[in-house]
Amino acid sequence: MYNAGKIIIGIVIFLALITAPFWYNLAKPSAPPKLELGTQEKQCVESKAFMQANHMVLLDQWRDEVVRDGKRIYVNSAGKQFNMSLQNTCTKCHSTKTKFCDRCHTYLNVAPNCWDCHIAPKEQEKLAGRSDK
Amino acid sequence: MLEKALRGNKSYFAWIGFLLILVGMGFGFYLRQLGFGLGVTGMSRDVSWGLYIGQFTFLVGVAASAVMLVLPYYLHNYKVFGKITILGEFLAVAAVTMCLSFIVVDLGRPDRAFNVLLYPTPNSVLFWDMVVLNGYLFLNIFVGWTVLEAEAKSVPPPKWIKPFIYLSIPWAVSIHTVTAFLYAGLPGRGFWLSAIMAPRFLGSAFAAGPALLILICLFLRKYTKFDAGWEAIQSLAKIVTYAMILSVFFVLCELFTVFYSQIPEHMYHFLYLFVGLHGHTGMMPWMWASTILAAIALIVLINPKTRNSPGTLAIGCAAVFFSLWIEKGITLVITGYIPSPLETITEYHPTLTEIGIVVGVWALGFLIMSVLYKVALTVKTESA
Amino acid sequence: MDDTRRSFLKIAGLSMLGFGAKPVVDAVAGAGGPKFEKDPKAFNGKRWAMVVDQQKCLKAKDGCKDCVLACNSAHNIPSFNNPKDEIKWIWQTSFEHAFPGQENPYINDYIKTSLKGLPFLVLCNHCDNPPCVRVCPVQATFRRPDGIVAMDYHRCIGCRFCMAACPYGARNLNWSDPRPFIKKENPEYPTRTRGVVEKCNFCSELLAVGKLPACVEACKEKALVFGDLEDPNSEVRELLRTRPTIQRKPQLGTRPQIYYIL
Ligand code: SF4
Ligand code: SF4
Numbered sequence: 135m136y137n138a139g140k141i142i143i144g145i146v147i148f149l150a151l152i153t154a155p156f157w158y159n160l161a162k163p164s165a166p167p168k169l170e171l172g173t174q175e176k177q178c179v180e181s182k183a184f185m186q187a188n189h190m191v192l193l194d195q196w197r198d199e200v201v202r203d204g205k206r207i208y209v210n211s212a213g214k215q216f217n218m219s220l221q222n223t224c225t226k227c228h229s230t231k232t233k234f235c236d237r238c239h240t241y242l243n244v245a246p247n248c249w250d251c252h253i254a255p256k257e258q259e260k261l262a263g264r265s266d267k
Numbered sequence: 009m010l011e012k013a014l015r016g017n018k019s020y021f022a023w024i025g026f027l028l029i030l031v032g033m034g035f036g037f038y039l040r041q042l043g044f045g046l047g048v049t050g051m052s053r054d055v056s057w058g059l060y061i062g063q064f065t066f067l068v069g070v071a072a073s074a075v076m077l078v079l080p081y082y083l084h085n086y087k088v089f090g091k092i093t094i095l096g097e098f099l100a101v102a103a104v105t106m107c108l109s110f111i112v113v114d115l116g117r118p119d120r121a122f123n124v125l126l127y128p129t130p131n132s133v134l135f136w137d138m139v140v141l142n143g144y145l146f147l148n149i150f151v152g153w154t155v156l157e158a159e160a161k162s163v164p165p166p167k168w169i170k171p172f173i174y175l176s177i178p179w180a181v182s183i184h185t186v187t188a189f190l191y192a193g194l195p196g197r198g199f200w201l202s203a204i205m206a207p208r209f210l211g212s213a214f215a216a217g218p219a220l221l222i223l224i225c226l227f228l229r230k231y232t233k234f235d236a237g238w239e240a241i242q243s244l245a246k247i248v249t250y251a252m253i254l255s256v257f258f259v260l261c262e263l264f265t266v267f268y269s270q271i272p273e274h275m276y277h278f279l280y281l282f283v284g285l286h287g288h289t290g291m292m293p294w295m296w297a298s299t300i301l302a303a304i305a306l307i308v309l310i311n312p313k314t315r316n317s318p319g320t321l322a323i324g325c326a327a328v329f330f331s332l333w334i335e336k337g338i339t340l341v342i343t344g345y346i347p348s349p350l351e352t353i354t355e356y357h358p359t360l361t362e363i364g365i366v367v368g369v370w371a372l373g374f375l376i377m378s379v380l381y382k383v384a385l386t387v388k389t390e391s392a
Numbered sequence: 614m615d616d617t618r619r620s621f622l623k624i625a626g627l628s629m630l631g632f633g634a635k636p637v638v639d640a641v642a643g644a645g646g647p648k649f650e651k652d653p654k655a656f657n658g659k660r661w662a663m664v665v666d667q668q669k670c671l672k673a674k675d676g677c678k679d680c681v682l683a684c685n686s687a688h689n690i691p692s693f694n695n696p697k698d699e700i701k702w703i704w705q706t707s708f709e710h711a712f713p714g715q716e717n718p719y720i721n722d723y724i725k726t727s728l729k730g731l732p733f734l735v736l737c738n739h740c741d742n743p744p745c746v747r748v749c750p751v752q753a754t755f756r757r758p759d760g761i762v763a764m765d766y767h768r769c770i771g772c773r774f775c776m777a778a779c780p781y782g783a784r785n786l787n788w789s790d791p792r793p794f795i796k797k798e799n800p801e802y803p804t805r806t807r808g809v810v811e812k813c814n815f816c817s818e819l820l821a822v823g824k825l826p827a828c829v830e831a832c833k834e835k836a837l838v839f840g841d842l843e844d845p846n847s848e849v850r851e852l853l854r855t856r857p858t859i860q861r862k863p864q865l866g867t868r869p870q871i872y873y874i875l
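Protein chains in written order, with my numbering: chain G, 135 to 267; chain E, 9 to 392; chain F, 614 to 875.
Simulated from the structure, these hints should not be mistaken for lab results.
Quick reminder that beta carbons are idealized off the backbone N, C-alpha and C, glycines included.
One should not assume that every hint holds.
[To be verified] Derived SDA-like pairs: lysine to any residue, alpha-carbon spacing no greater than 20 angstroms straight-line:
{"id": "1", "chain 1": "F", "residue 1": "LYS651", "chain 2": "G", "residue 2": "ARG197"}
{"id": "2", "chain 1": "E", "residue 1": "LYS246", "chain 2": "E", "residue 2": "ARG315"}
{"id": "3", "chain 1": "F", "residue 1": "LYS862", "chain 2": "E", "residue 2": "LEU201"}
{"id": "4", "chain 1": "G", "residue 1": "LYS205", "chain 2": "F", "residue 2": "VAL822"}
{"id": "5", "chain 1": "G", "residue 1": "LYS231", "chain 2": "F", "residue 2": "GLU798"}
{"id": "6", "chain 1": "F", "residue 1": "LYS697", "chain 2": "E", "residue 2": "PHE44"}
{"id": "7", "chain 1": "G", "residue 1": "LYS226", "chain 2": "F", "residue 2": "VAL822"}
{"id": "8", "chain 1": "G", "residue 1": "LYS256", "chain 2": "G", "residue 2": "LEU220"}
{"id": "9", "chain 1": "G", "residue 1": "LYS256", "chain 2": "F", "residue 2": "LYS796"}
{"id": "10", "chain 1": "G", "residue 1": "LYS205", "chain 2": "F", "residue 2": "PRO758"}
{"id": "11", "chain 1": "G", "residue 1": "LYS256", "chain 2": "F", "residue 2": "ALA687"}
{"id": "12", "chain 1": "G", "residue 1": "LYS231", "chain 2": "F", "residue 2": "PRO800"}
{"id": "13", "chain 1": "F", "residue 1": "LYS651", "chain 2": "G", "residue 2": "ARG202"}
{"id": "14", "chain 1": "F", "residue 1": "LYS654", "chain 2": "G", "residue 2": "ASN222"}
{"id": "15", "chain 1": "G", "residue 1": "LYS231", "chain 2": "G", "residue 2": "VAL191"}
{"id": "16", "chain 1": "G", "residue 1": "LYS214", "chain 2": "F", "residue 2": "VAL822"}
{"id": "17", "chain 1": "F", "residue 1": "LYS654", "chain 2": "G", "residue 2": "ASP203"}
{"id": "18", "chain 1": "F", "residue 1": "LYS835", "chain 2": "F", "residue 2": "GLN668"}
{"id": "19", "chain 1": "F", "residue 1": "LYS648", "chain 2": "G", "residue 2": "ASN217"}
{"id": "20", "chain 1": "F", "residue 1": "LYS648", "chain 2": "G", "residue 2": "ARG197"}
{"id": "21", "chain 1": "G", "residue 1": "LYS256", "chain 2": "F", "residue 2": "ASN799"}
{"id": "22", "chain 1": "F", "residue 1": "LYS697", "chain 2": "E", "residue 2": "THR289"}
{"id": "23", "chain 1": "F", "residue 1": "LYS678", "chain 2": "F", "residue 2": "ALA831"}
{"id": "24", "chain 1": "F", "residue 1": "LYS648", "chain 2": "G", "residue 2": "ARG202"}
{"id": "25", "chain 1": "F", "residue 1": "LYS797", "chain 2": "G", "residue 2": "ILE253"}
{"id": "26", "chain 1": "G", "residue 1": "LYS205", "chain 2": "F", "residue 2": "PHE656"}
{"id": "27", "chain 1": "G", "residue 1": "LYS226", "chain 2": "F", "residue 2": "GLU818"}
{"id": "28", "chain 1": "G", "residue 1": "LYS231", "chain 2": "F", "residue 2": "ASN799"}
{"id": "29", "chain 1": "F", "residue 1": "LYS697", "chain 2": "E", "residue 2": "THR359"}
{"id": "30", "chain 1": "G", "residue 1": "LYS226", "chain 2": "G", "residue 2": "GLN215"}
{"id": "31", "chain 1": "F", "residue 1": "LYS796", "chain 2": "G", "residue 2": "PRO255"}
{"id": "32", "chain 1": "F", "residue 1": "LYS824", "chain 2": "G", "residue 2": "ASN222"}
{"id": "33", "chain 1": "F", "residue 1": "LYS654", "chain 2": "G", "residue 2": "VAL201"}
{"id": "34", "chain 1": "F", "residue 1": "LYS796", "chain 2": "G", "residue 2": "ILE253"}
{"id": "35", "chain 1": "G", "residue 1": "LYS205", "chain 2": "F", "residue 2": "PRO653"}
{"id": "36", "chain 1": "F", "residue 1": "LYS862", "chain 2": "E", "residue 2": "SER202"}
{"id": "37", "chain 1": "F", "residue 1": "LYS797", "chain 2": "G", "residue 2": "ALA254"}
[Claimed, not checked] To give an idea of the chain E side of the interface with chain F (calculated C-beta under 8 angstroms), a few residues:
{"id": "38", "residue": "LEU134"}
{"id": "39", "residue": "GLY196"}
{"id": "40", "residue": "PRO349"}
Only chain G is shown next, with the shape it has when bound in the complex (with noise of 0.2 angstroms):
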């Protein structure tokens, strides 16, 4: 092989240079956020654990079982039964998007476009609403 040397230092570089955002966000560990839920109730759609890893994957489910299948009710694990909607079933529990869902993202340096379309809940009026009880 010509430039057998040449071409292996070039690889490297080349990974080096396409891995570079793993290691700069490695380089920097910071503390996680803290989340606050916006509710007192104890128990989501399904385990703590669960939701953290997978919100995403079920909510894309979610999605396509009631745009595409017109299927509304989710039965979760414990046969519990909700109303399948990101706007009017998960953000009346979370219902401070922005110190939930954004604080985790921004983090995390994602950016679900769900919000776009769906209507985040009102944090101010829901907040000025507790207080008159």
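Chains E and F with the ligands: place on chain G using the hints.
Only chains E and F with the ligands this time, still in chain G's reference frame:
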């Protein structure tokens, strides 16, 4: 081989630089469109496809026309085209790239373009259009490059390339047929609902593409060392002539059916196009310009004297090219929407942003073409 | 930058959906669930359709638009106030625009005198043989088993092939972000995002919880009748049996499912 594109004289680099500036400008406008949405264009609820899809349609034709060189050369062993077949193939590469770019800039959600692959939908003509266009792009890059590489090494092209060459012939026909089917299968759009759409597309394609090639060959003959050969240019000119005659004939067929049958949904569009409808005449100047250019083209090209002299031939070919560019790039798409299915009239005026993006994509195409031609011509002049 | 990353995530997400989603749900599932079900309250039709009774509409107050307004607020329809960007799911138009090719001086006279120039309601026909569905390259618009031609706004790429294919002008692109143009948001229903196509959905979100479409509910004169064509005892069947009706452009073979009583 690509390094050959990095050597050239001042005017070559000035040209490349100029194109790069245009591409950059187009990209700037595109960023604006990405930020705001397609609302920055002149398209509307009623006229929902405009210049982008028009250019796309026209350029599919230019791309398909490579077959007019490949077929005589490889199938009939017509040696005269030996020098310029590669020009046809590389023109096709540039044209298909422009087509794909025009589709992407036309999408409301370009970030989701891959959905077409994630949810393949065989009943949609657009799905097939993506398939055949990408296939054609691949075929032309692959065939052109392999043959040219062999030539650079002064060896005959490898045998296994033949099947790909033969495949590219029906494939060229398919890209323009499928593109015509985008339009010809829609109920309720009387302007497009015509079985002659695909033949008409092919006719105009085989006129416009080779006309552009003649112009390029004449230019190269005059300003560079590369000479395609007068016989090759003449053969191309005959192809352009016959194709242009067919193309005009097909349009006349369309006009007969529409005006003799007098079915309003079909007739209104043609009335709008040629004489205006309820006082709306947006397309009229364009259509008449195209008609007059077509007449000039036919006069110049049918007459052997004017066809045989480089000066008048260039005029004829330019007339063909611009006549068909107007017909397919502007009037064909837009008139389909006027009047709307509810028989209301909304006219269409492209915006500056839209035109800027169109210019940018054309510049990108010319850039690709110039670079590929530079490589091809360097190989040709070196090996000659 | 944001856009490329977004699309990367989306592709990653979608491929996860394709290859990974089922196992994940199965993992929580164990023996008992989870399951996806229909709401027991949901209306289950086999072939939804609508009859528009102009004779009843005639009795309403002059310039009544209750149905259109109800739809607009139920579905967060923006009002751009210009015909270029306009979004309409259901709207009123004159006979010659609703039924082009069917006008003649005498029917025009009938509409002017006997119907007092009453406009006609037009909306997506939820065609039985919908060309919009045929052309969509990603199945973002699709025909449900109950006949509703639905949109998946998550999937639409905004190619507008469907707008070219629909012979009734029922489809709209969001030429820009619609949100600033929504007068009052209905928090129960999402908005759309720029670059996707939208149209009437026969209020499938209401049918799913056992409610009638918003326009039908809103009409005080009961001029809009909604029901299941496969049910011979339904009100729509009764009307179609007893009154002569017409459809828009039936000759195109789209089999439109909005019927009009003149
Ligand atoms: S009316 Fe138009 S949008 Fe509605 S189903 Fe028919 S073709 Fe599709
Ligand atoms: S605009 Fe959307 S719904 Fe219409 S054909 Fe394209 S992808 Fe399908």
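Each hint tested on the structure:
Proximity of LYS651 of chain F to ARG197 of chain G is assessed by CA-CA distance (about 14 angstroms); at most 20 angstroms being required, the pair is judged to hold. For the proposed pair LYS246 of chain E and ARG315 of chain E, the alpha carbon gap of about 9 angstroms is at most 20 angstroms, so the pair holds. For the suggested pair LYS862 of chain F and LEU201 of chain E, the alpha carbons sit about 15 angstroms apart, so the restraint of at most 20 angstroms is met. For the hint pairing LYS205 of chain G with VAL822 of chain F, the CA-to-CA distance comes to about 11 angstroms; that is within 20 angstroms, so the pair holds.
Annotation: proposed proximity of LYS231 of chain G to GLU798 of chain F holds, straight-line Cα distance about 18 angstroms (limit 20 angstroms). Note on LYS697 of chain F and PHE44 of chain E: the hinted pairing holds, with a Cα-Cα distance of about 15 angstroms set against a maximum of 20 angstroms. In summary, the hint linking LYS226 of chain G to VAL822 of chain F is supported, as the alpha carbons are separated by about 18 angstroms, within the 20 angstroms threshold. This hinted pair checks out: LYS256 of chain G and LEU220 of chain G have alpha carbons roughly 14 angstroms apart, not beyond 20 angstroms.
In summary, the hint linking LYS256 of chain G to LYS796 of chain F is supported, as the alpha carbons are separated by about 16 angstroms, within the 20 angstroms threshold. At roughly 13 angstroms between alpha-carbon atoms, LYS205 of chain G and PRO758 of chain F fall within 20 angstroms of each other, so this suggested pair holds. The suggested pairing of LYS256 of chain G with ALA687 of chain F holds, with an alpha-carbon distance near 18 angstroms, which does not exceed 20 angstroms. Among the hinted pairs, LYS231 of chain G with PRO800 of chain F is consistent with the structure: their alpha-carbon atoms are about 15 angstroms apart, no more than 20 angstroms.
Using a Cα cut-off of 20 angstroms, the hinted pair LYS651 of chain F and ARG202 of chain G holds, with the two alpha carbons roughly 12 angstroms apart. Our distance criterion of 20 angstroms between C-alpha atoms is met by LYS654 of chain F and ASN222 of chain G, whose separation comes to about 17 angstroms. Only pairs whose Cα atoms come within 20 angstroms are accepted, and LYS231 of chain G paired with VAL191 of chain G is accepted, the gap being roughly 19 angstroms. For the hint pairing LYS214 of chain G with VAL822 of chain F, the CA-to-CA distance comes to about 18 angstroms; that is within 20 angstroms, so the pair holds.
Between LYS654 of chain F and ASP203 of chain G the CA atoms are separated by roughly 16 angstroms; this keeps the pair inside 20 angstroms, and the hint holds. Proximity of LYS835 of chain F to GLN668 of chain F is assessed by CA-CA distance (about 10 angstroms); at most 20 angstroms being required, the pair is judged to hold. The straight-line distance between the Cα atoms of LYS648 of chain F and ASN217 of chain G is roughly 12 angstroms, inside the 20 angstroms bound, and the hint therefore holds. For the given pair, LYS648 of chain F sits about 14 angstroms from ARG197 of chain G by alpha-carbon distance, which is consistent with the 20 angstroms threshold.
Proximity of LYS256 of chain G to ASN799 of chain F is assessed by CA-CA distance (about 12 angstroms); at most 20 angstroms being required, the pair is judged to hold. For a cut-off of 20 angstroms, the pair hint linking LYS697 of chain F to THR289 of chain E stands: about 18 angstroms separates their Cα positions. Of the pairs offered as hints, the one joining LYS678 of chain F and ALA831 of chain F holds, with about 9 angstroms between alpha carbons and a cut-off of 20 angstroms not exceeded. For the given pair, LYS648 of chain F sits about 16 angstroms from ARG202 of chain G by alpha-carbon distance, which is consistent with the 20 angstroms threshold.
Our distance criterion of 20 angstroms between C-alpha atoms is met by LYS797 of chain F and ILE253 of chain G, whose separation comes to about 12 angstroms. Our distance criterion of 20 angstroms between C-alpha atoms is met by LYS205 of chain G and PHE656 of chain F, whose separation comes to about 12 angstroms. Between LYS226 of chain G and GLU818 of chain F the CA atoms are separated by roughly 18 angstroms; this keeps the pair inside 20 angstroms, and the hint holds. With a C-alpha separation of about 18 angstroms, the suggested pairing of LYS231 of chain G with ASN799 of chain F holds against the 20 angstroms cut-off.
Restraint check for LYS697 of chain F and THR359 of chain E: satisfied, since their Cα atoms lie roughly 13 angstroms apart, inside the 20 angstroms limit. Of the supplied pair hints, the one linking LYS226 of chain G and GLN215 of chain G holds, its CA atoms being roughly 15 angstroms apart against a limit of 20 angstroms. At most 20 angstroms may separate the alpha-carbon atoms for a hinted pair to count; LYS796 of chain F and PRO255 of chain G meet this at roughly 17 angstroms. The suggested pairing of LYS824 of chain F with ASN222 of chain G holds, with an alpha-carbon distance near 17 angstroms, which does not exceed 20 angstroms.
The straight-line distance between the Cα atoms of LYS654 of chain F and VAL201 of chain G is roughly 18 angstroms, inside the 20 angstroms bound, and the hint therefore holds. For the proposed pair LYS796 of chain F and ILE253 of chain G, the alpha carbon gap of about 14 angstroms is at most 20 angstroms, so the pair holds. Between LYS205 of chain G and PRO653 of chain F, the direct Cα distance comes to roughly 10 angstroms. Compliance with the 20 angstroms bound is thereby established for this hinted pair. A C-alpha spacing of about 18 angstroms is found between LYS862 of chain F and SER202 of chain E, which places the hinted pair at or below 20 angstroms, so the restraint holds.
Using a Cα cut-off of 20 angstroms, the hinted pair LYS797 of chain F and ALA254 of chain G holds, with the two alpha carbons roughly 14 angstroms apart. With a least beta-carbon distance of about 4 angstroms to chain F, the hint placing LEU134 of chain E at the interface is held under the 8 angstroms criterion. The beta carbon of GLY196 of chain E is positioned within 8 angstroms of a beta carbon in chain F (closest approach about 2 angstroms), and the interface hint is therefore held. Because the closest C-beta pair between PRO349 of chain E and chain F is about 5 angstroms apart, less than 8 angstroms, the hint holds.
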